[in-house]
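Enquirer: Same order as they appear, the protein sequences are chains A and B.
In this note's numbering, each residue carries its 1-based index in the first sequence increased by 114.
In this note's numbering, each residue carries its 1-based index in the second sequence increased by 9.
Worth flagging that the hints you see were computed from the coordinates, not collected in a lab.
A portion of the hints provided could be inaccurate.
Restraint ranges, calculated between C-beta atoms of paired labels, are given here [claimed, not checked]:
no., chain 1, residue 1, chain 2, residue 2, range
1, B, PHE213, A, SER249, 27 to 37 angstroms
2, A, THR313, B, ALA21, 54 to 64 angstroms
3, A, PHE130, B, LYS295, 47 to 57 angstroms
Note that CB positions come from ideal geometry on N, CA and C, so glycine has one too.
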Amino acid sequence: MASVSLTNVVKAFGAFKVVHGVDLDIADGEFVVLLGPSGCGKTTTLRMVAGLEDVNGGEIRIAGEVINDRAPKDRKIAMVFQNYALYPHMTVRQNMEFALKPQRLSKAEVDAKIAGVAAMLGLDVLLHRKPAQLSGGQRQRVAMGRAMVRTPEVFLFDEPLSNLDAKLRTQVRMEIAKLHKQLGTTVIYVTHDQVEAMTLADKIVIMKDGHIEQIGSPEEVFARPKNLFVATFIGSPSMNLFRMTAERGDTGTVLSSPAFSLLLPVELGAKLKPGQAVTLGVRPSDVRLAQAGDADAIEARVEVVEYLGVEALVDLRIGTQEFIAQIPASERPALDQAVKVVFNPAGLHLFDSESGQAL
Amino acid sequence: MGYVNRRNRTIAGVFLLPTAAVLFLTTIYPMLYALYLSFRNYDLAKPFIPRIFVGLANFQEVLTSGPFLHSMLITFKLMGVTLFFQFVIGVGLALLVTQRLPGMAAIRTLLLIPMMISPVIVGLVWLFIYFPELGYFNYFIGLIGINPIPWITSTQWALTAIAIADIWQWTPFVMMGTAAALQSLSPEPYEAARIDGNSNIDVFLHVTLPQLKPVLISLLFLRAIDAFKIYDIIFVLTKGGPGDATETIALYIYRQSFTFWRMGVGAAASFVSLIIISVLITLFFKSMQKSAAAR
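So here's chain A without its partners, still in its complex pose (with noise of 0.2 angstroms):
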């Protein structure tokens, strides 16, 4: 086990930069998932940890050693990669078995070895199969199977379960979740599924163009995201957005638009200038329909209603500004209804209008 940091590491391309100047520090043990859009230089990042790629600035280190210019081999990680990368004339066997081969063991400890990462797995009966006689979530055993029979350090996994159905993913989502307890190897994790990223990692490394947006565990850019990319990146549905002009009421700090104009808890209203122009964030969770003695309930029409069985989502309207609704399924209001709806006091984000900062 080791750990893994990452200082200014910079990647080009020719002249095109894909990667500019990535700080990263991972723990020993920990589960780290690289998150974000296609082309955010995550799957890049990877890869120049694996060694695949050169590193063109900056610094890796495994284990607190610089391994900038180490081969791949030398540098103690195993990868599972997108497509599996399966031998596809080699049965399951042979497969980890010539990923031992470098290692130079006898016959019984690579037998040994085989044969605990398959009880582990449950790969026992497939051993004697080629990949083209296994489903998909198989192959993807069989790829961990192979990563995991060389004891690596770190454990690379490069967007490993965009190839299986949606409840395949689920299945072996828990699977890797259960081995990492296990094993408690260090993990780097690439995905642009939210999903995998919240229920996998102990920490979520947000990237958009070749930059890091944020670092933080689950919890923390779900509920406190840095910027206007993150709030919209994480969740589904994405963040509800308004901009806002922020007024000096009569009680306290007053945000405005053509919309609707809505009173601010006071904390968040401190950090607010008359005047300034702000984006007003409220995940969909945090919409509610308002019962009788709410004050400030906005109102809106009701455009669209998706019914999800437990919940529904409701798509609202006021004038030109449209928002989603994440309410009981037993709640939900009719279509072209009028309906009145309030944020939840804490769940409302501020962010300037500007930089897109978190204020």
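Once you've looked at the hints, dock chain B against the given chain A.
Expert: For chain B alone, kept in the frame of chain A given last:
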């Protein structure tokens, strides 16, 4: 064909007719005529003599006479040597030209040129090179003090000379097919091997080669069938000589038919070689099915 109704089938038949007619006139009719001749005593030098039925006599002569069996031996010897070198060099070059290095695309195109030249021209080019007194080869080895080699005029060297010319011409074919197959291989298993630390030789033997196997088998059979029919280069360089040192099956058939005018024997030899090629092709498809089933 279940969804094609009768009217459509008629139209399809009409469209196929020209191709079928050409195929019949240029392939099927000559083949049937050759089959007819192979049972007759037909001397082209004396066309007025009736072509009498001789049973299997022509086949008997072909299969029991020394010259045909000798030509078969020459053919397989040449095939073995040329295929071996074409594949070793061709696969090696394919590994080289699929590297991402500057100028590789240009080098690859240059390397393909021999394949694009007509075999007769290849024969002529090598004739210049091999020519005993004035040839380039002997000139250059003369510069470093080596005695001239009688490339095409000695029974000892003639087959080697032809093999070199054929290897030169057809190695690019193997290279091209292998390079195409190499480029279609997924890069991820190679990256996995790099991370695991497998040596280049291990990766080539255990990852690349097994994946190339179906393509290499196809190329091998295509080349084998072609090598079996080799004619043009030899005709230009040695005409099967000196003596019968480079007389392959195709040259034997030519000599019987158009030098000795024994059309019946030539036709019978053609059929024997057709059967050998058919066996090769059948083996080829069997092995393709087997490797497809194994995947």
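Enquirer: Starting from the hint list further up, note which numbers the structure goes against and sort them upward.
Expert: none
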